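Number of protein chains: 2
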Amino acid sequence: MKHLLAIQSHVVHGYVGNKAATFPLQCLGWEVDALNTVHFSNNTGYGTVKGTKASAQEILDVYEGLKLAGLSYEFLLTGYVPGEEGVEAVGKVGEDLKTNNPSLIWLLDPVLGDAGRMYVSEKTIPVYQDILKSGKVTLVTPNQFEAELLTGIKITDRETLKQALTAFHTTYKTPYVAISSLSFSDNDNILYSAGSTLDKDGSTSTYIYEFNKINSYFTGTGDIFAALLSDRFYTYHTLKPVPDPLSVAVGEVLGVVQQILKITDESARKSGIKRGEIGNAESMKQCELRIIECKDIFGDATVPYKAQTI
Amino acid sequence: MKHLLAIQSHVVHGYVGNKAATFPLQCLGWEVDALNTVHFSNNTGYGTVKGTKASAQEILDVYEGLKLAGLSYEFLLTGYVPGEEGVEAVGKVGEDLKTNNPSLIWLLDPVLGDAGRMYVSEKTIPVYQDILKSGKVTLVTPNQFEAELLTGIKITDRETLKQALTAFHTTYKTPYVAISSLSFSDNDNILYSAGSTLDKDGSTSTYIYEFNKINSYFTGTGDIFAALLSDRFYTYHTLKPVPDPLSVAVGEVLGVVQQILKITDESARKSGIKRGEIGNAESMKQCELRIIECKDIFGDATVPYKAQTI
Numbered sequence: 001m002k003h004l005l006a007i008q009s010h011v012v013h014g015y016v017g018n019k020a021a022t023f024p025l026q027c028l029g030w031e032v033d034a035l036n037t038v039h040f041s042n043n044t045g046y047g048t049v050k051g052t053k054a055s056a057q058e059i060l061d062v063y064e065g066l067k068l069a070g071l072s073y074e075f076l077l078t079g080y081v082p083g084e085e086g087v088e089a090v091g092k093v094g095e096d097l098k099t100n101n102p103s104l105i106w107l108l109d110p111v112l113g114d115a116g117r118m119y120v121s122e123k124t125i126p127v128y129q130d131i132l133k134s135g136k137v138t139l140v141t142p143n144q145f146e147a148e149l150l151t152g153i154k155i156t157d158r159e160t161l162k163q164a165l166t167a168f169h170t171t172y173k174t175p176y177v178a179i180s181s182l183s184f185s186d187n188d189n190i191l192y193s194a195g196s197t198l199d200k201d202g203s204t205s206t207y208i209y210e211f212n213k214i215n216s217y218f219t220g221t222g223d224i225f226a227a228l229l230s231d232r233f234y235t236y237h238t239l240k241p242v243p244d245p246l247s248v249a250v251g252e253v254l255g256v257v258q259q260i261l262k263i264t265d266e267s268a269r270k271s272g273i274k275r276g277e278i279g280n281a282e283s284m285k286q287c288e289l290r291i292i293e294c295k296d297i298f299g300d301a302t303v304p305y306k307a308q309t310i
Numbered sequence: 001m002k003h004l005l006a007i008q009s010h011v012v013h014g015y016v017g018n019k020a021a022t023f024p025l026q027c028l029g030w031e032v033d034a035l036n037t038v039h040f041s042n043n044t045g046y047g048t049v050k051g052t053k054a055s056a057q058e059i060l061d062v063y064e065g066l067k068l069a070g071l072s073y074e075f076l077l078t079g080y081v082p083g084e085e086g087v088e089a090v091g092k093v094g095e096d097l098k099t100n101n102p103s104l105i106w107l108l109d110p111v112l113g114d115a116g117r118m119y120v121s122e123k124t125i126p127v128y129q130d131i132l133k134s135g136k137v138t139l140v141t142p143n144q145f146e147a148e149l150l151t152g153i154k155i156t157d158r159e160t161l162k163q164a165l166t167a168f169h170t171t172y173k174t175p176y177v178a179i180s181s182l183s184f185s186d187n188d189n190i191l192y193s194a195g196s197t198l199d200k201d202g203s204t205s206t207y208i209y210e211f212n213k214i215n216s217y218f219t220g221t222g223d224i225f226a227a228l229l230s231d232r233f234y235t236y237h238t239l240k241p242v243p244d245p246l247s248v249a250v251g252e253v254l255g256v257v258q259q260i261l262k263i264t265d266e267s268a269r270k271s272g273i274k275r276g277e278i279g280n281a282e283s284m285k286q287c288e289l290r291i292i293e294c295k296d297i298f299g300d301a302t303v304p305y306k307a308q309t310i
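Chains as they are written, first to last, in full-length UniProt numbering: chain A, 1 to 310; chain B, 1 to 310.
Heads up, a few of these hints could be off.
Given that identical chains are not distinguished, each listed pair holds provided it fits within a single copy or across any two copies.
Keeping only pairs whose Cα atoms sit at most 25 Å apart, straight-line, the calculated PhoX-like set for lysine-lysine is [as the list claims (entries may be wrong)]:
#, residue 1, residue 2
1, K133, K200
2, K123, K295
3, K53, K67
4, K2, K50
5, K67, K50
6, K295, K270
7, K200, K306
In short, the hints are calculated from the structure, not lab data.
Here the structure is a predicted model, which means the values were calculated and not measured.
Start from the sequences, fold in the hints, and give me the full structure.
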C-alpha cells in the first residue's frame, strides 16, 4: 500500500481540502491519513459558515499521536492551514517526517488566496517562505497569485511566469513547481497551467499547458489538482520513473481536472444554475465538484495535455 | 444523488467511525457529509492516542452551519459521541432533521461499549433511551452488550435475544433493530447476527443469521456494518421496496462484512501478526480493516446470509 498523510481543511459538506483529496486518492489505492486543520460546515464561499479551527498545538498533538502509533508515510500533502502558527506547526511536521525518512515526497500547497485576494493573514507569507527555504519541500503548487506573493514577481506573460517559477528553484531550492491555472491578459477564454523542474545539472525545464476556460466559479479546483498530482507525481517519480515526472504528471492531471470541471458545470446548469457566485449558497452548492460521480476517471490518462517548453 | 449526514468519530489513521463509513458509502454513490465528534490520531485500541473531542455546542454549531447553507438529507447515520451532552446534541440534530423531513431515515448506532466493558460514561445510557423514546429513530444497531444495557435484558439464548429485540419495538417504538454480531455460550466458533422488524399490524418478525467466527480482534466492525446497512436498508426500504427491507439488507451486509474481515485477517497474518491485541499498536495497525482494498465489494450481493425466523 501507498501511505499518504494529508494535512488540510475538513468541510462537512462539499469538496475542498481533505474532503476533495481523500476520496480520489483512496480510489487510486492510497491509504489516506487525514489530519484536519479546520472542521467547517461548508466552504467559505457560501456566505455563511460555522465550525472550529485546530490550534497549532492541536495539530502537533495529533501528529505526536501518529508517531506514538509508529506510523510512517511515503507522501505528505499539506494545504490550507488557518493562521501563521498553524503553518509553522505544519512546517515542523514536514521537517520531522522528512528528517526521519529522506525519501518522503512533500507536496506543499501554500494556500494564501486567489485572484488578488488573501484568504489568510499576510503574516503567513514569510512562514511559507521559511518552510520553502528549509529545502525539505519536493513540490510546491501555488496558484498564480500565491506564486506572485511568494516570489515577489508579478506574472503577466510567459517571461515573468518563467522568472517566477525559476525563483522557486533558485531562492528556495524547491526542485518541482506547478501552477494549476493562470491567465494573461492576452485572451479571456484561455487559461494556462505551468510547471518547472530543477534538473540534476542545475538547469531548469519550464513548460506551459493551454486549455479553454469554463465560465463559472468552482471551489476546490486547486485542492483536487494537488491531490491528483500527489498520485501522478509519485507514480512517475518513484513507481514508474520517467525523465521529467512533473511534466507528465501535470499533463495527465489537467486532463482529469478538466473532465471533472466539465461534468460539474453541466450538472450545475441542469439544476438551473448559470454559474457559481461567491456568497450565493444555492449556486455554490450546485457548483460543488462532482467528486462522487467522477470516481471512475481519477486514474484516467487518455487525454493528457501536452507540455510546451518555454 | 443520495445525501447522507454521518455524525461520528474521525481518526486520522485507520478505520472506525466516519473514517470507516465515508469511503464505502461514497463508493456506493452517496454524498456523505461527515460531521466529526472527535478528531483522534487513531483508535483507542492502540494503547496511545492524541486528539480532541467536539463539545456539544460545537456539534450544534456545525449543524447550524449546514442549515444556514440550506442542506437537506435523505439519511442520517449517527454513531460514537463522547459524553452525554454530545449525545443529547446529536439527539437534537436528529429530532430537528426528522421534524423538517418526516421521510428521513435515521440509523442510530448507540455506541456504549463492547464485550462487557463501557467506552463512555454510564450517564449516556438514559440519554440514548430518551432519544429512542422520541420515536424518531428508524433503525437502531446496538451490539449485544449495548442491547442489554438499553433494554435491561441479558441475552444468553434465542429466547432472551427475541425478548431484547422486541423490547426496542415495544418500549421505544423503534420499527427496525439489528445486531451485527452476538454469541451464546453454545459454541465458541459460531457467531450470530440478528434483526427484528415491527410489522404494520403491530406484530414483530425476528430473525437470526449464523456464521463462523474469525479468531482475531478487529475495530470498526460495528461501524462498517452500520455504514453498509445504511446503504442497503435505504435501497430495500425506499429505492426498491421489499416486504421486510431489514432482513434482506442485513443478509447482504453480513456477506460483505465477512469478506472484509477475511481479507483483513489474511493480510494481517501475511504481515506476521497472529491476531489483533488491544493495547499492542503494531497488531492493531495490521488489523485495521482493509477498506481501500475492498472498494469493489461494498455493493456485492452474491453471498447473502439467510435469515432464520425465531
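So, going through the hints one by one against the coordinates:
Within a single copy, K133 and K200 get their C-alpha atoms as close as 19 Å, which meets the 25 Å cut-off; across copies the closest is 69 Å, which misses it. In this homomeric assembly, K123 and K295 never come within 25 Å of each other (Cα to Cα): the closest approach is 38 Å inside a single copy and 42 Å across copies. With identical chains, the CA atoms of K53 and K67 are at most 25 Å apart both within one copy (22 Å) and between copies (20 Å). For a Cα distance limit of 25 Å, the shortest separation of K2 from K50 across copies, 23 Å, qualifies, whereas the shortest one inside one copy, 34 Å, does not.
In this assembly of identical chains, the alpha carbons of K67 and K50 lie at most 25 Å apart only when taken from different copies (10 Å versus 31 Å within one copy). For the homomeric pair K295 and K270, the shortest alpha-carbon distance inside one copy (20 Å) is at most 25 Å, but the shortest distance between copies (30 Å) is not. In this homomeric assembly, K200 and K306 come within 25 Å of each other (Cα to Cα) only inside a single copy, at 23 Å, whereas the closest approach across copies is 63 Å.
Checked against the numbered hints given earlier, this structure breaks only hint 2.
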